[in-house]
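Line by line, the protein sequences are chains E and R. For reference, each letter of the first sequence is one residue, going 1 to 183 in this note's numbering. For reference, each letter of the second sequence is one residue, going 184 to 393 in this note's numbering.
None of these hints come from the bench; they were simulated from the model. Worth double-checking, as some hints may not be accurate.
[Said to hold, decoys possible] Restricting the straight-line Cα-Cα distance to at most 25 Å, the calculated cross-link-like pairs of lysine-lysine (BS3-like) are:
| hint | chain 1 | residue 1 | chain 2 | residue 2 |
| --- | --- | --- | --- | --- |
| 1 | R | Lys247 | E | Lys57 |
| 2 | E | Lys89 | R | Lys223 |
| 3 | R | Lys223 | E | Lys170 |
| 4 | E | Lys20 | R | Lys253 |
| 5 | E | Lys170 | E | Lys66 |
| 6 | E | Lys66 | E | Lys91 |
| 7 | E | Lys20 | R | Lys227 |
| 8 | E | Lys57 | R | Lys227 |
| 9 | E | Lys91 | E | Lys135 |
| 10 | R | Lys227 | E | Lys172 |
| 11 | E | Lys172 | E | Lys91 |
| 12 | E | Lys133 | E | Lys178 |
| 13 | E | Lys133 | R | Lys223 |
| 14 | E | Lys92 | E | Lys135 |
| 15 | E | Lys89 | E | Lys66 |
| 16 | E | Lys178 | R | Lys252 |
| 17 | E | Lys135 | E | Lys89 |
| 18 | E | Lys135 | E | Lys178 |
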Amino acid sequence: MKIKDAEIISLMQHPRTQEKGVRALMDAYQSRLYWHIRRIIVDGDLAQDTLQETFIKAYQNFHQFKNDSQLYTWLYRIATNEALQQINKLKKMQKTDEDPEYYMQNLVADNTSEDAEEIQILLQKAIQSLPEKQKLVFMMRYYDDLPYEEISKIVDMSVGTLKTNYHYAKQKIEDYIKENYER
Amino acid sequence: MKEFDIEKLERKNIYTMPDDLFENLQEKVVRGLHEFDLEKLERKNIYAVSESVYEDIQNHVRNKVFPRKKAPVFRLNWAYAAAASLALIFGATFVFNSDDEILKENAGSNVSYTAGTQEKKTESEIAYETLKSDLTSVENNDQKVAAKSNNKSFTSEESEKEQKTVTPAVKSTAKQQETQMSEYLDSFSNSEISELASNSTQDVYLDLYN
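Could you build all of it, start to finish, from the sequences and the hints given here?
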């Protein structure tokens, strides 16, 4: 049975029902948030740690949540920030001569399941070749089908800029696939 | 030009064109046939995930956010521990001993109870005793009193208990009575004995069904 956001919020606001609220929150959003984080970070273990941190931060800062925005928008914002922090940590740990784009593309190849299609692998590699903002916008629009208005609240960008970024991202991906796809 | 015959004109192209025009053209046509459209691609997750990923995440979050309180552990001084174990030993010994005494008491009561039940007499025994008392009553001329006491003996428990307390005395005198009775019976003739016996059967019948 799916619990509505209003019920989750109500449970989370009272100390006695907070644990139940956290459980309901995780049940409702764990899958969507996991895949959002996983597409950014690619590495499975790191994505798991990041999602855990996302839920813990959501619990710790729930008093900051305002009912004027959607619950999933707020959670996506936390998850995105956590994922970008992890990526920055990875970049700092990387060797200076190693190309970050090349590193991420190798990570894609290492993490894909055995039955993945070539075109899908290529798409993920193309996404990893994008600049950070274009990557985020493209993933939230293409995979999660989020409205531009909601994405603008998550990444603090105007709707116009988001549309432009999405257009460029899509163009680059198509070009990448055309160049690299062998039939 | 007076005479122009188009048929005699050389048929040639005068327009310039790039050398690889046809190669590029073919490539473009083929590409157009297999044009890639990102929107038509299936949107699915291709990364491998362990089955228990969500369970692990939930457990980790719950343990971190709502840690379970452990039961408090007290350190016990060895002197207190020794005192407690001694108290336990003495206590257990006392309880076992008191249980034995109670059991013994209970066992005694059981014996008396079962003894009481064992001494229930059968009809034939009662009849024999009645006959015997009748016969002795002939000697003592006190038939009615003896019959009444026998009636009470198998109708009320209290009288049975009284009987039980009297049984050792009765048993000691019973042998004497038997010897006396055998001597007494010897003194009777056969006809006299049969007459007495017929009287006694009537008495037994009355004793049993009254």
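Hint-by-hint comparison with the structure:
| no. | hint | in the structure |
| --- | --- | --- |
| 1 | R:Lys247 x E:Lys57 | 11 Å, holds |
| 2 | E:Lys89 x R:Lys223 | 35 Å, violated |
| 3 | R:Lys223 x E:Lys170 | 13 Å, holds |
| 4 | E:Lys20 x R:Lys253 | 21 Å, holds |
| 5 | E:Lys170 x E:Lys66 | 33 Å, violated |
| 6 | E:Lys66 x E:Lys91 | 33 Å, violated |
| 7 | E:Lys20 x R:Lys227 | 31 Å, violated |
| 8 | E:Lys57 x R:Lys227 | 28 Å, violated |
| 9 | E:Lys91 x E:Lys135 | 16 Å, holds |
| 10 | R:Lys227 x E:Lys172 | 20 Å, holds |
| 11 | E:Lys172 x E:Lys91 | 23 Å, holds |
| 12 | E:Lys133 x E:Lys178 | 23 Å, holds |
| 13 | E:Lys133 x R:Lys223 | 24 Å, holds |
| 14 | E:Lys92 x E:Lys135 | 20 Å, holds |
| 15 | E:Lys89 x E:Lys66 | 30 Å, violated |
| 16 | E:Lys178 x R:Lys252 | 59 Å, violated |
| 17 | E:Lys135 x E:Lys89 | 18 Å, holds |
| 18 | E:Lys135 x E:Lys178 | 19 Å, holds |
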